[in-house]
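Let's have the full structure, built from the sequences with the hints guiding it.
Quick note, the sequences are listed as chains W and A, same order.
Residue 1 is where the first sequence starts when you use the working numbering, and the numbers rise one by one after that.
Residue 1001 is where the second sequence starts when you use the working numbering, and the numbers rise one by one after that.
Mixed in with the good hints, there may be bad ones.
[Claimed, not checked] Simulated pairs of lysine-lysine, DSS-like, Cα-Cα distance not exceeding 27 Å:
hint: 1; chain 1: W; residue 1: Lys647; chain 2: A; residue 2: Lys1089
hint: 2; chain 1: W; residue 1: Lys168; chain 2: W; residue 2: Lys63
hint: 3; chain 1: W; residue 1: Lys76; chain 2: A; residue 2: Lys1103
hint: 4; chain 1: W; residue 1: Lys225; chain 2: A; residue 2: Lys1147
hint: 5; chain 1: W; residue 1: Lys199; chain 2: A; residue 2: Lys1147
hint: 6; chain 1: W; residue 1: Lys199; chain 2: W; residue 2: Lys296
hint: 7; chain 1: W; residue 1: Lys42; chain 2: A; residue 2: Lys1147
hint: 8; chain 1: A; residue 1: Lys1089; chain 2: W; residue 2: Lys225
hint: 9; chain 1: A; residue 1: Lys1102; chain 2: W; residue 2: Lys296
hint: 10; chain 1: A; residue 1: Lys1103; chain 2: W; residue 2: Lys345
hint: 11; chain 1: A; residue 1: Lys1066; chain 2: W; residue 2: Lys63
hint: 12; chain 1: W; residue 1: Lys530; chain 2: W; residue 2: Lys479
[Stated by the list, open to error] Per label pair, the in silico range of CB-to-CB distance:
hint: 13; chain 1: A; residue 1: Ala1150; chain 2: W; residue 2: Asn272; range: 55 to 65 Å
hint: 14; chain 1: W; residue 1: Val302; chain 2: A; residue 2: Asp1047; range: 42 to 52 Å
hint: 15; chain 1: W; residue 1: Ser100; chain 2: A; residue 2: Thr1082; range: 16 to 26 Å
Calculated from the structure, these hints are not laboratory results.
Note that this is a predicted model, so its numbers are computed, not measured.
Ideal Cβ positions, reconstructed from N, Cα and C, are used throughout, including at glycine.
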Amino acid sequence: MQQTLLLILITSFSTALAQTTISGKVLDQSNQPVPMANVFLKDTYDGTTADENGNFSFTTEEKGDHILIVRLIGFKESVQSVTLSGRPLAINIEMKEEISELKAVTISAGSFAASDESRRTVFRAVDIATTAGATADIAGALNTLPGTQKNGESGRLFVRGGDGNEVKTFIDGMLVLDAYSPSAPNTPSRGRFLPFMFKGTSFSTGGYSAEFGQALSSTLALDSKDETTQSRTDFGLLSVGGDVAHTQAWKGGSVAGKVQYTNLTPYMGLINQEIDWIAAPVSWEGIGSFRQRVNKNGIVKVYGNFNRSEFSLNNHDIDDPSLTQYFKLTNDYNYINASYKDVLKGDWMIRGGVAYTSLRNKYDIGNDLINESEKGAHTKVAVEGSVTDHMELKAGVELFTREFSQGGTQEGSPFSLGFDEIITAGFVETDLYASNNFVTRAGVRVEQNSLTEKVTADPRMSLAYKVGNNGQFSLAWGKFRQTVKNEWLRLNTSLQAEKADHYILNYQRIENNKTFRVETYYKKYDNLIKIENGVVTNNGYGYAQGLELFWRDNESVDNLDYWISYSFLDTKRNYLNFAHEAAPGFSSKHNLSIVAKYFVVKLKSQLGTTFSYTSGRPYNNPNETKFNGSKTPSYQDLSFNWSYLPKPYLIVYFSCTNLLGRDNIFGYEYGSTLNEQGMYNSRAIRQSAPRFLFLGIFLTLSKDKSVNQLPTL
Amino acid sequence: MKQLTIIPILIAVLFFALIKTAFANDGKYVEAMKKNIDAVYKAATIDELQAAVNAFQRIADAEKTKWEPNYYAAFGSILMATREKDGAKKDAHLDRAMEFVKKCKEIAPEDSEVITLEGFIYTIRVTVDPATRGPQFAGLAMQTYGKAIALNPENPRALSMLAQMQYGTAQFFGSSTAEACATLDKSLEKFATYKSDNPLAPMWGKKGAEDLKSQCK
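Below you can see the structure in the form of structure tokens.
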């Protein structure tokens, strides 16, 4: 009796169970088969992979109620209950497309996003360092992209008929006041921020997000690197100075510091300069950064840049070059940026920060002494996330406070000018995805200005539509505003902000490391500064329109990467002291850049060359009757660079601009009085030297010897 | 009385059945894993790899305390990346591999084999775009292999992967490959002697090491 019971009990545990076959087809929303989906019963091993036609079939020994899951990247997981009874089940599954970052269309109108992390970018962060002629300057490299007009005597970015002041720089979303180092009159200035600090660069030539305010033409948004994982020490020996940097890393954080000394005196002594230097530019710079992970996803970033530069020179009178005027500039610059980013619940993210800039210029000109100081703080808090799978939302509030003062003696009499400005702003923007192929972005930016006591709202909109796998159209429109330059606002604090409307149409195609882009735009300026009978008003206006082409190919020839940019610009404005509507002096009709980089494995070297062409720029010749009716000769430059890696931790870098030594002329200055012939004497504005040669040796010490400063060059 | 004697028997039977099912489950786990591990090693196409990765995902979903299914899902995804030509697709496979590695690390933190696999991901990241990625990921890969070796100096795969990175670097800079070859010899030695008591322990990497050895003469 007991034995039979035992037998029954044992056999009941090992009875073979009847199998159920589950089969069917996986389809997408338009009834097309979806291959390679993972089809399985939850919490069991039972399942299979659908074939290339979406068909699947598997058997299971499970019984009763179960959950059937179908999973595939790019689609929402399909979940349904099934009852298993031994009878075959036939189930067709419809998968819903997921809006995924990888597949979804991105808005490309006006925008050049550069990131080393994503493959689908037109421009990479490392390009900044390796573009010949740019000498590792961010603005210099971006000047080879369409939409920019080269102004060799300024070094700043000029975008689509806008002047250099219309481009604003942001670091981790926070505004930077005065992003360029000081330079002598008519010599190019360099950006204050080193390209190697950033993991991504987003350069927009128009139609940008409602998050960015106080920029009329363009934004340059720099995304700083996260914490480093390796401690290292870097040394740089440059033909114009030297630097030492150290990075200390720990789990979840790092701190880095760099001290740089630049002195152009030996170089200026070696190579004859147009400028009559008394003391060539000397600068001390300290950079510090701190990164710390907090919680699971949060990161705190602090960055500081402290710089002091000084130079002095003699300005020569145009009419009588033997008459000189002493000019000395001392510039102190401090920038601190602290930001925090964390993940809230689910897909929502919060980020915020404070940026503080303080700068002081001390001018010593002839008998005049002028002290100028500007302090500004930018505070921002923003949240962003997904409301539904098809809708993303971004909203934030900002506060800009600025304090400007200027005083001293001018022509013997003391003066004092200044203003305090507070701008309170808020923005909200939503991305609506109809599918992975179509996105509409709509946003608005509201600002209140303490000086004008006005509340303004600037709507912005853009959309992108994907055609085929690799091509897409983008459209953007928006209203933009920016407070007038300090030099005007200090005279009249009731001046209104300058305004611009952007309209942009773009087509972009990226395939197999080849990019083609064409973009056309129209920009309308309003409220520009106009000087009428000695009174500063907002009665100026203008327009810019153009067509831009870009082609980049990193594929066709081994180890060769090249790009070609062409911009056509038609712009006129009636502003400042213009007699009538005319093309401004910083604008040029045609801009062409050809950049090539070639890696020679045998030489362990990367060779780069850049050719730039800028058609003649207008200037006003007082000896002619027509206002702004004359044109300079075209600007042409052929630059070369060579990076050599003899050892993994050592880099030798050499670069030379204007190999052919072309005498580029940027414009003319005129004397203030008529000469004996009844004409004004003129003097050409030239490059301070035909070529700029640079040699640097960079050594990195770290625990493993494979680290070098290549990304920093 | 009869009913009373049945109780201990019943308990014994239940206990026996419990042990049996527990064993059967683990047996089923090992069996399913072995079958798919074999499939990964033998896969000739991306689709075959995908099918195996899918199977590991299914097992991983059901066996939340085991690190091996996520390990092999990551390994399969890395192999998919090596066979893909398009950079963006390569990255997508590697992103997925990284997700599996993260899950592994939650279950088995500080496991030498898992850390080696993480390093493998960085090595393949370099191949997507050597000029851009090299400076960033080559160092990271070496560092990660170093960590894996520190966790288990007997791990032949960590040594072999490190040797391959060292060899590549030495070759690029035209410097001596002695250091790389020394690491490789150590790795081959470990391949011969290293035994894990885990029947599902990773076995790959020997052929790569042997191939490199032929260049080390």
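Here is how each hint holds up against the structure:
A distance of roughly 32 Å separates the Cα atoms of Lys647/W and Lys1089/A; the hinted pair therefore is violated under the 27 Å criterion. With a CA separation close to 65 Å, the supplied pair Lys168/W and Lys63/W exceeds the 27 Å bound. A C-alpha spacing of about 21 Å is found between Lys76/W and Lys1103/A, which places the hinted pair at or below 27 Å, so the restraint holds. Restraint check: the Cα-Cα separation between Lys225/W and Lys1147/A comes to about 23 Å, which is no more than 27 Å; the hinted pair holds.
Our distance criterion of 27 Å between C-alpha atoms is met by Lys199/W and Lys1147/A, whose separation comes to about 25 Å. The hinted pair formed by Lys199/W and Lys296/W meets the criterion: a straight-line CA distance of about 21 Å does not exceed 27 Å. Among the hinted pairs, Lys42/W with Lys1147/A is inconsistent with the structure: their alpha-carbon atoms are about 36 Å apart, more than 27 Å. Our distance criterion of 27 Å between C-alpha atoms is met by Lys1089/A and Lys225/W, whose separation comes to about 24 Å.
A C-alpha spacing of about 13 Å is found between Lys1102/A and Lys296/W, which places the hinted pair at or below 27 Å, so the restraint holds. Between Lys1103/A and Lys345/W the CA atoms are separated by roughly 20 Å; this keeps the pair inside 27 Å, and the hint holds. Proposed proximity of Lys1066/A and Lys63/W is supported: the alpha carbons are some 25 Å apart, at most 27 Å. As the CA atoms of Lys530/W and Lys479/W are separated by approximately 21 Å, the hinted pair is consistent with the 27 Å bound.
Against the hinted window of 55 to 65 Å, the Cβ-Cβ separation of Ala1150/A and Asn272/W comes to about 58 Å, which satisfies the hint. A beta carbon spacing of about 49 Å between Val302/W and Asp1047/A agrees with the range 42 to 52 Å that was offered as a hint. Distance hint for Ser100/W and Thr1082/A: a CB-CB separation of about 23 Å, consistent with the stated range 16 to 26 Å.
The earlier numbered hints that this structure contradicts are 1, 2, 7.
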